[in-house]
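Below, each chain spelled out in residue letters.
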Amino acid sequence: MKILKKRIQYIAENFYLVLILIFLYAPIATLMVLSFNGSRSRNQWGGFSLQWYAEMFDSASIMAALQNTLVIALVSALVATVIGTAASIAINSMRQLPKTIMMGITNIPMLNADIVTGISLMLAFIAFGISLGFKTILIAHITFNIPYVILSVMPKLKQTNQSAYEAAMDLGATPAYAFYKVVLPDIMPGVLSGFLLAFTMSLDDFIITHFTKGAGINTLSTLIYSEVRRGIKPSMYALSTIIFVVVLTLLIITNFAPNRKKEEH
Amino acid sequence: MRRKLLAGPYLIWMIGFIIIPLVLIAVYGLTDKNGAVTLANVIAISTPEHAKALWLSLELSFVSTVICLLLAYPLAMILRKRNIGRGSFIVFIFILPMWMNFLLRTLAWQSLLEKNGVINGILTFLHLPPQSLINTAGAIVLGMVYNFLPFMVLPIYNVLCKIDDNIINAARDLGASFWQTLLFIWIPLSVPGIISGITMVFVPALTTFVISNLLGGSKILLIGNVIEQEFTRGSNWHLGSGLSLVLMVFILISMALIAKYDKNGEGTTF
Chain X
1 MKILKKRIQY
11 IAENFYLVLI
21 LIFLYAPIAT
31 LMVLSFNGSR
41 SRNQWGGFSL
51 QWYAEMFDSA
61 SIMAALQNTL
71 VIALVSALVA
81 TVIGTAASIA
91 INSMRQLPKT
101 IMMGITNIPM
111 LNADIVTGIS
121 LMLAFIAFGI
131 SLGFKTILIA
141 HITFNIPYVI
151 LSVMPKLKQT
161 NQSAYEAAMD
171 LGATPAYAFY
181 KVVLPDIMPG
191 VLSGFLLAFT
201 MSLDDFIITH
211 FTKGAGINTL
221 STLIYSEVRR
231 GIKPSMYALS
241 TIIFVVVLTL
251 LIITNFAPNR
261 KKEEH
Chain G
1 MRRKLLAGPY
11 LIWMIGFIII
21 PLVLIAVYGL
31 TDKNGAVTLA
41 NVIAISTPEH
51 AKALWLSLEL
61 SFVSTVICLL
71 LAYPLAMILR
81 KRNIGRGSFI
91 VFIFILPMWM
101 NFLLRTLAWQ
111 SLLEKNGVIN
121 GILTFLHLPP
131 QSLINTAGAI
141 VLGMVYNFLP
151 FMVLPIYNVL
161 CKIDDNIINA
171 ARDLGASFWQ
181 TLLFIWIPLS
191 VPGIISGITM
201 VFVPALTTFV
211 ISNLLGGSKI
221 LLIGNVIEQE
231 FTRGSNWHLG
241 SGLSLVLMVF
251 ILISMALIAK
261 YDKNGEGTTF
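Sequence lines, in order, name chains X and G.
If you use this note's numbering, the first sequence corresponds to residues 1 to 265, in order.
If you use this note's numbering, the second sequence corresponds to residues 1 to 270, in order.
Each computed SDA-like pair below joins lysine to any residue, with the alpha-carbon atoms no more than 20 angstroms apart:
id : chain 1 : residue 1 : chain 2 : residue 2
1  : X       : LYS5      : G       : THR181
2  : G       : LYS81     : X       : PHE15
3  : G       : LYS115    : G       : LYS219
4  : G       : LYS219    : G       : ASN135
5  : G       : LYS4      : X       : ALA164
6  : G       : LYS219    : X       : SER226
7  : X       : LYS135    : G       : ILE12
8  : X       : LYS233    : X       : ALA60
9  : X       : LYS233    : G       : ASN116
10 : G       : LYS115    : X       : VAL33
11 : G       : LYS115    : X       : ARG230
12 : X       : LYS2      : G       : GLY175
13 : G       : LYS4      : X       : VAL79
14 : G       : LYS4      : X       : PRO175
15 : G       : LYS81     : G       : VAL191
16 : X       : LYS6      : G       : ALA171
17 : G       : LYS260    : G       : VAL191
18 : G       : LYS4      : X       : LEU157
19 : G       : LYS4      : X       : GLU166
20 : X       : LYS6      : G       : PHE178
21 : G       : LYS4      : X       : TYR180
22 : X       : LYS135    : G       : PRO9
23 : G       : LYS33     : X       : GLY129
24 : X       : LYS5      : G       : ARG82
25 : X       : LYS5      : G       : PHE178
26 : X       : LYS99     : G       : TRP13
27 : X       : LYS2      : G       : PHE178
Where chain X lies over chain G, by a calculated footprint (3+ residues, C-beta under 8 angstroms):
id : stretch
28 : 235-243
29 : 248-257
Keep in mind that the hints were calculated from the coordinates and are not lab data.
Using N, Cα and C, we set each Cβ at its ideal position, and we do this for glycine too.
Could you put together the complete structure from these sequences and hints?
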């Protein structure tokens, strides 16, 4: 009797897990299926077709937005990684109070609502006399990316052995050389996953870009938003499908990269 | 220490692009077009139109948060019981949608719920009457729950994983029923995760303008829509900033709650 009850409970639990999974993934799957639909309609299947993908690759505005998105993601992730890693090393060597203050600042953009971050940056750019455009999107993305890098690198830094760095210095290494040969290899997995995370976040952002982009420039997210508000175009489904697949791949790499040790903290 | 100098670029960047911009919102929100100090932009929240939008936002995000909590807690308990370990693929697939573009996820629901959308297509195919699903408060709640559910699952799961099995077993050995263990052991020990999850869902739900725009149509205005329109269309930035200040009060309350109940950052999503 007890075994039967356990069995039923196990099945019920699996059922619940599957239901949630369907809830989470069915809408995305639908979107992907629709991107291959030969018909423009959303409730009729017009046969398998790649025409929306072809239309997408032919569209100059989509290709321009794609280029903007990739350049911004790459540059903002690179700059954020450099600034963030340097900051992590500094924060790690600080005393308790300044450390708490620095981590508090780091947490502001992560806890704040995106709409407030977006608006505040927009107001600042205009107050500083920087006209909205490519530059401002880039600055905004670097700003919200830095915290992700810091939060990736800090746990790795805490695990490194301070004496190894000091030993290298004692043996005559310059600080830069000791950092390059001793500290950097230890924190490299954190730096890499911080970079990839920053890249993904930049790729995915909509709200902050929406407020800081100005007229005449689009990233993929803002392009989709304006197209969808004008009426859905199936080529947007094709574009969404590609973004989903790319982001999914990036996330799997960041989470299951072989060099990343599973840490419990 | 030379190493501390490495924080220089970071500090300059964060002061320039995080602190000063936030101060600017306060400056804009508390002045009028001529630069005179005024509270009018903040008090504007009490006009019927704005108060209605704020109240509706509070209502919908509250309902969404409760639904997320009710869905996420059992899910987190099951995942923990399976003992698959953090970082496993099974846990990962429940968290994954969190990192995916929410604009696209909302777009997916739009194509499902629309008048000529997928769900109505299936209903027609089954010879059932089509339903009007989109442009309702229900559609917005659905969009919110869908978008923010993983933000509730992860912190609760992280906290549940830290609960010692022996405590649960001791309670059961001493004769506690399932519900008693849930009420007196599980829930009190998972408060940091629950609080963190609640704020992770409530703040973005309260401030959204995308979900309400795509799923609620133009008739349902949330406070996020009102602010967004002030900045992108109405261009009364002073009013928009004043309303944002009101919104920031709610964000600050959430931050304070996290600081109080989640001191060690156990429930952080990252």
